[in-house]
Amino acid sequence: MKKNINILVVGVGGQGNILFSKILGEVLLNAGYDVKISEVHGMAQRGGSVVTYVKAGEKVFSPLVDRAEADYILAFEKLEALRWLEYLKNNGILIYSDYEIPPLSVITGAYEYPDVEKILQTVGVKACRVEVKKLLSQLGNSRVQNTLMLGFFSRFLDIDEALFKKSIERNVKKEFIEINLKAFELGRRIEMCEVEK
Amino acid sequence: MKKLLLGNYAVARGCYEAGVKVATAYPGTPSTEITEAIAQYDEIYCEWAPNEKVALEVAIGAAIYGKRAICSMKHVGLNVAADPLFTASYTGINAGLLIAVADDPGMHSSQNEQDTRNIAKAAKVPVLEPADSQECIDFVKIGFEISEKFDTPVILRLTTRVAHSQSVVEERPREEVLFKYKKDIQKYVMMPAMARSRHEFVERRLKSLKEFSETLGINKIEQGTRKIAFITSGIAYQYVREAYPDAWVLKLGMVWPLPERLIKDFCSQFEKVYVVEELDPFLEENIKAMGINNIVGKEIFKLTGEYSPSFIKRAVENNEIEVPYKVKQTLPPRLPVLCPGCPHRGIFYVLSRLKDVIITGDIGCYTLGALSPFNAMDSCVCMGASIGMAHGISNASDKKQKVIAVIGDSTFVHSGIPGIIDAVYNGSDILVMILDNSTTGMTGHQDHPATGYTIKGEPTYKLDIVSLCKALGCVAVEEINPYKIKENVEKIKQLLDLPGVKVVIAKAPCRLHRRYKFTISKRYIDFEKCKNCRLCLSLGCPAISLKDKPTIDANLCLACGMCEDVCKFGAISSQKEQ
Numbered sequence: 001m002k003k004n005i006n007i008l009v010v011g012v013g014g015q016g017n018i019l020f021s022k023i024l025g026e027v028l029l030n031a032g033y034d035v036k037i038s039e040v041h042g043m044a045q046r047g048g049s050v051v052t053y054v055k056a057g058e059k060v061f062s063p064l065v066d067r068a069e070a071d072y073i074l075a076f077e078k079l080e081a082l083r084w085l086e087y088l089k090n091n092g093i094l095i096y097s098d099y100e101i102p103p104l105s106v107i108t109g110a111y112e113y114p115d116v117e118k119i120l121q122t123v124g125v126k127a128c129r130v131e132v133k134k135l136l137s138q139l140g141n142s143r144v145q146n147t148l149m150l151g152f153f154s155r156f157l158d159i160d161e162a163l164f165k166k167s168i169e170r171n172v173k174k175e176f177i178e179i180n181l182k183a184f185e186l187g188r189r190i191e192m193c194e195v196e197k
Numbered sequence: 001m002k003k004l005l006l007g008n009y010a011v012a013r014g015c016y017e018a019g020v021k022v023a024t025a026y027p028g029t030p031s032t033e034i035t036e037a038i039a040q041y042d043e044i045y046c047e048w049a050p051n052e053k054v055a056l057e058v059a060i061g062a063a064i065y066g067k068r069a070i071c072s073m074k075h076v077g078l079n080v081a082a083d084p085l086f087t088a089s090y091t092g093i094n095a096g097l098l099i100a101v102a103d104d105p106g107m108h109s110s111q112n113e114q115d116t117r118n119i120a121k122a123a124k125v126p127v128l129e130p131a132d133s134q135e136c137i138d139f140v141k142i143g144f145e146i147s148e149k150f151d152t153p154v155i156l157r158l159t160t161r162v163a164h165s166q167s168v169v170e171e172r173p174r175e176e177v178l179f180k181y182k183k184d185i186q187k188y189v190m191m192p193a194m195a196r197s198r199h200e201f202v203e204r205r206l207k208s209l210k211e212f213s214e215t216l217g218i219n220k221i222e223q224g225t226r227k228i229a230f231i232t233s234g235i236a237y238q239y240v241r242e243a244y245p246d247a248w249v250l251k252l253g254m255v256w257p258l259p260e261r262l263i264k265d266f267c268s269q270f271e272k273v274y275v276v277e278e279l280d281p282f283l284e285e286n287i288k289a290m291g292i293n294n295i296v297g298k299e300i301f302k303l304t305g306e307y308s309p310s311f312i313k314r315a316v317e318n319n320e321i322e323v324p325y326k327v328k329q330t331l332p333p334r335l336p337v338l339c340p341g342c343p344h345r346g347i348f349y350v351l352s353r354l355k356d357v358i359i360t361g362d363i364g365c366y367t368l369g370a371l372s373p374f375n376a377m378d379s380c381v382c383m384g385a386s387i388g389m390a391h392g393i394s395n396a397s398d399k400k401q402k403v404i405a406v407i408g409d410s411t412f413v414h415s416g417i418p419g420i421i422d423a424v425y426n427g428s429d430i431l432v433m434i435l436d437n438s439t440t441g442m443t444g445h446q447d448h449p450a451t452g453y454t455i456k457g458e459p460t461y462k463l464d465i466v467s468l469c470k471a472l473g474c475v476a477v478e479e480i481n482p483y484k485i486k487e488n489v490e491k492i493k494q495l496l497d498l499p500g501v502k503v504v505i506a507k508a509p510c511r512l513h514r515r516y517k518f519t520i521s522k523r524y525i526d527f528e529k530c531k532n533c534r535l536c537l538s539l540g541c542p543a544i545s546l547k548d549k550p551t552i553d554a555n556l557c558l559a560c561g562m563c564e565d566v567c568k569f570g571a572i573s574s575q576k577e578q
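So the sequences go chain by chain: A and B. Going by the UniProt record's numbering, the first sequence opens with residue 1, and the numbers climb by one from there. Going by the UniProt record's numbering, the second sequence opens with residue 1, and the numbers climb by one from there.
Among the hints, erroneous ones may be present.
[Claimed, not checked] Only pairs whose alpha carbons sit at most 20 Å apart, straight line, appear in this in silico DMTMM-like list of lysine to aspartate or glutamate:
#1 A:K22 - B:E171
#2 B:K3 - A:D115
#3 B:K2 - A:E58
#4 B:K121 - B:E320
#5 B:K3 - A:E86
#6 A:K59 - B:D246
#7 B:K326 - A:D71
#8 B:K326 - A:E58
#9 B:K326 - A:D34
#10 A:K22 - B:E222
#11 B:K328 - A:E86
#12 B:K313 - A:D98
#13 A:K89 - B:E322
#14 A:K173 - B:E36
#15 A:K89 - B:E171
#16 A:K133 - B:D553
#17 B:K549 - A:D160
#18 B:K326 - A:E185
#19 A:K59 - B:E322
#20 A:K89 - A:E112
#21 A:K22 - B:E271
#22 B:K2 - A:D34
#23 B:K547 - A:D98
#24 B:K547 - A:E112
#25 B:K3 - A:E58
#26 A:K126 - B:E322
#27 B:K328 - A:D160
#28 A:K3 - B:D246
#29 B:K547 - A:E86
[What the hints assert, rightly or not] If you only want the chain B side, here are some residues facing chain A, beta carbon under 7 Å, derived:
#30 M107
#31 H108
#32 K210
#33 R241
#34 E242
#35 S308
#36 P333
#37 P336
#38 V337
#39 P373
#40 N375
The hints are simulated quantities; they were obtained by calculation from the structure and are not laboratory data. Cβ coordinates follow ideal geometry from the N, Cα and C atoms, glycine included.
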């Protein structure tokens, strides 16, 4: 019997959440799970807040993950990690990028960008911060955050590494396969943070 | 081989396997990918039509000629296509005709939450409702069979979470289907004498469809182990199944017309039956009309927005979810914005500086001009409405009120042209601004008659908007560069004072479109010259943010140069400070 896994992928339109979900979904399917993925299109492409649900299990019915139901939240942007935090289940794990994209409400000075680390501490959630900015500059490409995060997240799943790489190769444009595989490996090698696997 | 497929791609795959020959559409989230995916199959003729009415007419023609055809649209598109739909219901088809309509509960990208089942019922055509990607493939095929067996258009109703969810499917080979064209004016020419007998036919057809629905395999009872029962369909079925894996469920694959005996038998076995459906109480009211009274519906389930498994559970059991992690402070909202370099930004900046002008807006990326920091829009109703409404406002004020209608190029072709004809014909004084970014931006860069390319990306005749507007009788038709802010403020003020219908075409391609190459030279702020007046921030460009003084993020800047045009102190240029 396959255990149910509910994953929320959140970020800002244009960060590659949908591709990430497609790659991860295929990995889970090939690992023997039933899988459903739900994505939001349209207005969200224009720099809005974006969420994708990835669900795996013996049999998946609803493609949605509701509040207090996510085993993992993967946030490609820090503020978005906070916005979707209610979706995390008790003892679920938040994995978030240190990437900051100030929304227009911050740019125009109507709001302040919050101190994400401090708030997470107050809330008392199990969280892993991935130093994406530093790692991406090592790679010299800012567009592979999604595969880098996938590399890190892959260690939370008991699935053969080769399945991840195959799925990346199948879903990424030919000319970008190499850099994405590199980003995946870099992500997979990151030291685990305070949260245990 | 099993694979994950998006619901919309699965509809396309179903069309391929069902031997469809013609596919038409006007793009609209969440339906767009159906036609984009069909365009990948060489066996199917495929097109973007200027609007849904024309798209459906093309598909009706193809079906009457004897080729299976599909026409796809979003729910509001069906309003545009309602005219041909209601009569195609009378004429019937020859080869199968499927109309895929995607509703958007929750309004992820729509201006209303209408329920397509109501229109289908009014038009007296059957509706199938798949619940996952495999059913999308299967129901397309069943839809064509029903269409041909009963001589009717069939609506395939999708909702966002079916259209835009990926689930597992198995693909099968294509099967060709052939019907011969036969001239038949009694059937296809709907003048009153003939239409009268076709209306009789439509009513008989509905009756036989109803009978047929009793034994149709996709209307099925799933036995449970616990005494709790649901009637449901589409995505709501998945939510019910997840919330109550041990319940009895009558899953309706065809939601119009309804299998009355099946429903009555089912309901008679339980003390009460929950009817779970997003949006309108369509099933509920029609089941109640059968004289069944032991059902529970909208008194506990909401009429608006999306459902979820836990929503259903909470409604049935009347309790609340406990959320373990909650952020107490208010977070800065992240609304969609015009992209860096977007040509619409220049126009809305200019419009936001005009005083005492009403601006009627339209549907597309430029709807974002209504949001902060521009707040430069007074209305947004439906595609093409900006022009008609501007004309209405102008006349209602005895032409004292200055009005500007904003519309996109794709939207102009969709339904803006008759609005201009009306305004010219009836002597309006409005200014129409066509924001021509050479694509259908909001739905993801689909072509249209004024881009000069077909759905397959092949070059075609390019509709000339300037000549067209002149031919329509506009007193002034001018093209402007939307990035030239100072120039445009003056130009627009001058044109506003002219009597008659004026058209300004602000022409610059969408910065995200792959077809267009842009020469990049970044903009930088010279902090010596910057007086921190923050005027550049009022452009609402995501690349400019405030540290101590405004700064430009080189990763986001697309060097459109509007900030350089806005800065009064010459502090912004393409020269990096030393």
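Against the structure, the hints come out as follows:
1. A:K22 - B:E171: holds, 18 Å
2. B:K3 - A:D115: Distance ~42 Å between K3 (chain B) and D115 (chain A) Cα, so the pair is violated.
3. B:K2 - A:E58: Holds, because 15 Å separates the two Cα atoms, which is no more than 20 Å.
4. B:K121 - B:E320: Since the Cα atoms of K121 (chain B) and E320 (chain B) sit roughly 36 Å apart, the hinted pair is violated (cutoff 20 Å).
5. B:K3 - A:E86: Answer violated: K3 (chain B) to E86 (chain A) is near 31 Å, above 20 Å.
6. A:K59 - B:D246: holds, 14 Å
7. B:K326 - A:D71: Holds: K326 (chain B) and D71 (chain A) sit about 16 Å apart, inside 20 Å.
8. B:K326 - A:E58: Not satisfied, since the Cα-Cα distance of roughly 30 Å exceeds 20 Å.
9. B:K326 - A:D34: violated, 31 Å
10. A:K22 - B:E222: violated, 31 Å
11. B:K328 - A:E86: holds, 11 Å
12. B:K313 - A:D98: Between K313 (chain B) and D98 (chain A) the Cα gap is close to 36 Å, so the pair fails against 20 Å, i.e. violated.
13. A:K89 - B:E322: At roughly 9 Å apart (the allowed maximum being 20 Å), E322 (chain B) and K89 (chain A) satisfy the hint.
14. A:K173 - B:E36: Judged against 20 Å, a Cα distance of about 19 Å means the pair holds.
15. A:K89 - B:E171: Distance ~36 Å between K89 (chain A) and E171 (chain B) Cα, so the pair is violated.
16. A:K133 - B:D553: holds, 15 Å
17. B:K549 - A:D160: Roughly 50 Å separates the two Cα atoms, so the pair is violated.
18. B:K326 - A:E185: Between K326 (chain B) and E185 (chain A) the Cα gap is close to 33 Å, so the pair fails against 20 Å, i.e. violated.
19. A:K59 - B:E322: violated, 25 Å
20. A:K89 - A:E112: violated, 28 Å
21. A:K22 - B:E271: Given that 20 Å is the threshold and the Cα spacing comes to 44 Å, the pair is violated.
22. B:K2 - A:D34: holds, 10 Å
23. B:K547 - A:D98: holds, 19 Å
24. B:K547 - A:E112: Holds, at roughly 12 Å.
25. B:K3 - A:E58: holds, 16 Å
26. A:K126 - B:E322: The hint holds at about 18 Å.
27. B:K328 - A:D160: violated, 39 Å
28. A:K3 - B:D246: Holds, at about 19 Å.
29. B:K547 - A:E86: violated, 31 Å
30. M107: Since chain A brings no Cβ nearer than about 9 Å to M107 (chain B), farther than 7 Å, the hint is violated.
31. H108: holds, 6 Å
32. K210: At 29 Å from the nearest chain A Cβ, K210 (chain B) fails the 7 Å test, so the hint is violated.
33. R241: holds, 4 Å
34. E242: Nearest chain A Cβ about 4 Å off; hint holds.
35. S308: holds, 5 Å
36. P333: holds, 5 Å
37. P336: holds, 4 Å
38. V337: Holds: closest Cβ of chain A sits about 5 Å from V337 (chain B), inside 7 Å.
39. P373: holds, 6 Å
40. N375: Violated, about 12 Å.
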